[in-house]
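Residue numbers (the working numbering), protein chains in the order written: chain A, 1 to 118; chain B, 1 to 114.
Simulated from the structure, these hints should not be mistaken for laboratory data.
Yeah, the Cβ is synthetic: ideal placement off N, Cα and C, and Gly gets one too.
Any given hint might turn out to be false.
Beyond 12 angstroms from chain B on every Cβ pair, some chain A residues (computed) [what the hints assert, rightly or not]:
1. Val13
2. Glu15
3. Gln39
4. Gly62
5. Leu84
To give an idea of the interface, some chain B residues facing chain A are shown, with a C-beta separation under 10 angstroms as derived from the structure [claimed, not checked]:
6. Val19
7. Trp27
8. Phe33
9. Gly40
10. Leu43
11. Arg44
12. Gly58
13. Asp62
14. Tyr64
15. Phe90
16. Leu97
17. Phe105
18. Gly106
19. Pro107
Spelled out from the first residue to the last, the chains are:
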Amino acid sequence: AQKITQTQPGMFVQEKEAVTLDCTYDTSDQSYGLFWYKQPSSGEMIFLIYQGSYDEQNATEGRYSLNFQKARKSANLVISASQLGDSAMYFCAMRERSGYSSASKIIFGSGTRLSIRP
Amino acid sequence: DAGITQSPRYKITETGRQVTLMCHQTWSHSYMFWYRQDLGHGLRLIYYSAAADITDKGEVPDGYVVSRSKTENFPLTLESATRSQTSVYFCASSESLVGSYEQYFGPGTRLTVT
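Take these sequences, add in the hints, and give me the full structure.
Set out below in structure tokens:
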């Protein structure tokens, strides 16, 4: 069964520093996708970045990048030059199997609460 | 308004009562999902739907019922609410389950069962 593990329940980082949020996953499929979402204190879920299992390059979106190490089954989120507004819960998620199957679905890790210190 | 909406945003109900949480999306996305969010568990998938009249169980479906008679609506019903169903419920939709298509989430419904 697929599984997502986020081992850091909480992190404190100084403003302007870079931060890495860990995510490891377990799947027996060759085709899968990895997502990161941000959930600020207001509660909404905000999509940040996506990495496909066959993508050779690490995904980047502005200050967000995904450090994808396929052999280690890890998909860590890196936030460069952290800002106070980055304080939030961050969830790693994985979609497994071919997208054409109705059995394909996304599961989430338990999240990491990131707090940025001024 | 375009997007995905949930109603009610807050609900308090008593044990044993039936309650329905509504979800509506305006994008005509094929795929819709219901999650519950509890401290320490992240988001857990309750049910999902690939199209109108096609639904399937997720990780924690017991005690919940869904239907999808129209593409844009995906209501979640708790047939006999229990205290363990106190949670924040998120509805989500997605255009596709292939590639980088992300899920778009509604604002959530905070349900308290007393």
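Hint by hint, here is what the structure shows:
1. Val13: Consistent with the label, valine 13 (chain A) stays out of reach of chain B, its closest Cβ about 21 angstroms off (over 12 angstroms).
2. Glu15: For glutamate 15 (chain A), whose nearest Cβ neighbour in chain B is about 26 angstroms away, the distance exceeds 12 angstroms, so it holds.
3. Gln39: Violated, because the least Cβ-Cβ distance between glutamine 39 (chain A) and chain B comes to about 9 angstroms, which does not exceed 12 angstroms.
4. Gly62: Consistent with the label, glycine 62 (chain A) stays out of reach of chain B, its closest Cβ about 15 angstroms off (over 12 angstroms).
5. Leu84: 23 angstroms, holds
6. Val19: 20 angstroms, violated
7. Trp27: Status violated, d = 14 angstroms.
8. Phe33: Check passed: Cβ of phenylalanine 33 (chain B) comes within 8 angstroms of chain A, closer than 10 angstroms.
9. Gly40: 6 angstroms, holds
10. Leu43: 4 angstroms, holds
11. Arg44: Cβ of arginine 44 (chain B) sits 7 angstroms from chain A, so the hint holds.
12. Gly58: With a minimum Cβ separation of about 7 angstroms from chain A (threshold 10 angstroms), the hint on glycine 58 (chain B) holds.
13. Asp62: Violated, about 17 angstroms.
14. Tyr64: Violated, because the Cβ-Cβ distance from tyrosine 64 (chain B) to chain A comes to roughly 15 angstroms (cut-off 10 angstroms).
15. Phe90: 7 angstroms, holds
16. Leu97: 4 angstroms, holds
17. Phe105: 4 angstroms, holds
18. Gly106: 9 angstroms, holds
19. Pro107: 6 angstroms, holds
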